[in-house]
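Trainee: The chain contents come next:
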Amino acid sequence: MDERDIFIWILRALRFPKDMDGLERYLDFDRKTIEWAIRILEERGYIKPSKCDTTCSACPLRDSCSFRKSTMWEITTKGRQYLSSRG
Amino acid sequence: MRVAFVGNPNTGKSTLVSSLSGRDIRVANWPGTTVESISAQVRVGEGVLHLVDLPGVYDLLDDGPDAEITLRELLENPPDAIVNVLDASHLERGLHLTLELMELGIPILLVLNMVDEARRSGVEVDSGKLEEVLGIPVVETVAVKGRGKEEVLSGILRARVPAPPVSYGEDVELALEDIASGIEHPARRWLALALLMEQERPFFPIDDSLRDVVEGWRRLLSARYGDLFLYIEGRRISVAHEISSRVVSRRKRRRAVDEWLDALLMNPVAGPVFILLFLIFSFRFAFFLSSPWVDFINTVSDVLGGWILSAGIRGIVASFLIEGVISGVGTVLSFAPVLFLFYLVLGFMEYSGIMARMAFALDTLMAAVGLPGKAFVPLVMGFGCNVPAVYATRTLESFYDRLRVALMIPFMGCSARLPVLVLFASVFFPHGPVPVVLSLYLLGMIMAFITGAILSRMLEYEAPSLFEIPPYRFPDGGRLVKTAWDRTFEFLRGAGTIIMAGVVLVWLTMHLRISGESLYSIISRGILPIFRPMGIQDWRLTGALIPGFVSKEVIIGALAVGFSDMANHLPIGFLEGIGMILDAFARAVRESMGAPGAIFGIPGFRIPPVETSLGDYLSGVLTPAGALAYMVFVLLYTPCVATVAAIKQEFGGRWALFSVLYQMSVAFILALFIYKIAVLIHG
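Residue numbers (the working numbering), protein chains in the order written: chain B, 1 to 87; chain X, 88 to 770.
To be clear, the hints were calculated from the coordinates, so they are not data collected in a lab. C-beta atoms are modelled at their ideal positions from N, C-alpha and C, and glycine is treated no differently. Misleading hints may appear alongside valid ones.
[Stated by the list, open to error] Have a look at the derived ranges for each label pair, beta carbon to beta carbon:
(1) B:E35 x X:I541: 51 to 57 Å
(2) X:S309 x B:R15: 22 to 28 Å
(3) B:Y26 x X:V135: 48 to 54 Å
(4) X:S309 x B:D28: 54 to 60 Å
(5) X:F368 x B:Y26: 24 to 30 Å
Construct the complete structure from the given sequences, taking the supplied hints into account.
Mentor: Have a look at this one:
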């Protein structure tokens with residue numbers, strides 16, 4: 001595996017959902033590069049926007065919820081398979 | 088020659104094409120809007136460049152109409168050269184497209200646009216290193232201000248086909264070679280990569296046999312690399328990231344104290360107030376700390392003169408040694424302490440980063456006279472010496488800005504004029520010499536700004552430019568002292584030769600008699616009527632202004648020679664002289680210890696007025712109003728011959744002559760005006 005491969009790093013990072021700020025803290029790449037890499041991974045089905053199943057009014061964490069502020073991303077089954085084959 | 092402009096959206100491609108061709112071009116490239124390529128023409132020497140402005144793309148394989156138009160243009164109608172425009176603030180992101188374009192087999196020029204914005208946000212790109220790493224020409228531009236146009240045009244002619252910038256591994260390279268051998272197109276490598284990435288395009292169909300070859304390689308390589316699209320894109324991103332880390336430097340996150348200092352220094356209101364206070368304390372520091380040492384050097388001069396007489400030397404030789412050599416050079420040497428301290432303060436301002444911030448704070452003020460804030464730096468340097476300050480105008484980009492600043496500089500009273508001002512202020516205004524000298528310096532600055540404002544109306548105005556703000560540093564004390572000493576020594580060595588020549592010339596003209604009257608006296612008396620209206624009645628005062636054109640340092644020397652003609656020198660014994668020198672040294676050390684208190688104005692401490700024999704003579708031939716007029720004239724009149732030579736060298740003889748005549752007129756009118764006002768007030 002290429003340790004400098006941004007796609008592998010993003011897939012690894014998204015085993016736990018993160019938004020752009022979270023990814024930026026995790027990766028040593030320019031924010032614009034990360035945004036673009038996320039787009040490619042989403043288009044190819046490796047990651048997807050993470051959604052919350054609880055309605056906001058019923059949620060005890062609503063005031064500190066990151067889902068309300070920005071898009072959270074998470075790895076898909078295809079992404080997990082790719083990561084395990086490449087890891 | 089057809090040149091295609093390619094880059095990420097919003098990198099300033101259209102602005103650059105408009106700037107090069109002089110044609111207003113707008114390309115709509117926001118989502119959902121129909122886009123098209125737009126072309127313009129520009130003549131370069133004998134040839135014509137056809138500039139094709141293509142829609143912004145992040146990747147040639149992007150979905151959507153923008154990328155399709157760009158890719159079709161590049162593949163169906165390959166240009167003779169590509170100008171790849173990048174936003175310097177986002178080099179890593181832009182380089183990904185660059186690496187892709189470099190695989191098209193077309194000559195390419197890389198343009199780093201918006202470098203000013205990048206610098207402002209703390210991003211510095213080493214374009215030289217980038218050129219070396221990529222092997223293609225790289226130029227910097229600020230398209231919106233039209234900067235770098237010439238470099239782009241000459242860069243297009245230097246553009247060349249680059250070597251493939253990314254290596255994908257031995258097996259992939261072998262596959263690329265195999266696939267490319269079945270493609271008849273200059274961009275065969277890029278097309279082979281696109282086929283491996285499953286990115287066939289209808290406008291570039293391939294035959295079945297090639298498709299089989301690609302399929303075979305794809306199966307083989309996927310087993311090793313997984314998703315080939317991700318692998319190839321990942322390699323490009325890695326290389327772009329690696330190159331970017333090598334050529335981009337970012338300013339470190341700043342400390343809170345730096346932010347606080349910037350908020351104060353760079354504030355348009357508080358900044359100039361702080362600068363004024365800073366300059367006041369700097370002047371006080373230089374004056375008060377140097378004053379005891381000036382007295383010490385004067386004592387040494389007196390003792391040397393006394394020893395010459397004790398040695399039995401008399402007549403013309405004694406006169407030459409005492410009134411010429413010791414009186415002239417000794418007087419100038421006595422100002423070494425003030426120069427050293429002044430240069431120490433200037434050095435502190437330079438190295439600490441305060442000077443650059445002062446320039447920023449004064450940007451608005453400077454803009455009022457049509458100058459960028461950084462013009463302030465050569466103007467401040469003018470306080471030290473006008474000659475290097477004139478050369479320092481080279482830091483300004485525009486010729487007219489440089490000229491304006493160079494003509495303003497002589498109004499910034501250089502340190503050579505300082506001794507004259509200090510001497511007269513100490514003699515005639517013993518209770519407040521510092522405010523008098525400071526007011527005169529302010530007058531010079533006001534005249535400089537009026538000159539700048541007048542010239543900005545006469546000369547072409549160019550928009551102020553941005554300048555770099557260095558980080559705050561605490562200056563290295565040793566380096567400061569060394570620099571201050573070097574500058575002082577350079578000044579004294581340079582001035583010493585001129586002063587010696589000037590003093591000898593003055594001494595000779597004083598002793599060369601025609602019909603019983605000295606030549607110096609004849610010339611000085613000849614021009615005296617011009618100065619009488621401003622209260623100057625003694626020919627020795629006007630006489631000192633003549634060698635003052637050679638060098639301002641000579642004024643004091645010439646006055647000393649002129650008036651010491653009447654001096655009554657007494658022989659001093661050897662031991663008596665040593666005692667006087669030691670006593671003066673001890674007094675200088677003692678007073679220096681107390682000087683810091685005086686700098687911050689602690690009550691009860693006062694520097695005693697300078698008491699020199701020259702001062703006594705001057706107070707006998709001038710009134711305070713006349714002295715003020717004389718000081719104004721000395722401050723503002725014709726710059727020294729070295730400054731005039733520097734202006735001539737930089738801007739031509741016409742402007743040098745203008746500088747001489749303009750300053751002479753300003754000095755005369757203002758000196759007369761101030762004398763009349765002073766007489767009206769004090770009678």
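Trainee: Take the hints in turn and mark each one as holding or not.
Mentor: Right, here's what the structure says about each hint:
Look at E35 (chain B) against I541 (chain X): about 53 Å separates their beta carbons, and that is inside 51 to 57 Å. Distance hint for S309 (chain X) and R15 (chain B): a CB-CB separation of about 24 Å, consistent with the stated range 22 to 28 Å. Range check, Y26 (chain B) to V135 (chain X): about 51 Å between beta-carbon atoms, so the 48 to 54 Å window is met. Look at S309 (chain X) against D28 (chain B): about 28 Å separates their beta carbons, and that is not inside 54 to 60 Å.
For the hinted restraint 24 to 30 Å between F368 (chain X) and Y26 (chain B), the CB-CB distance of approximately 50 Å leaves it violated.
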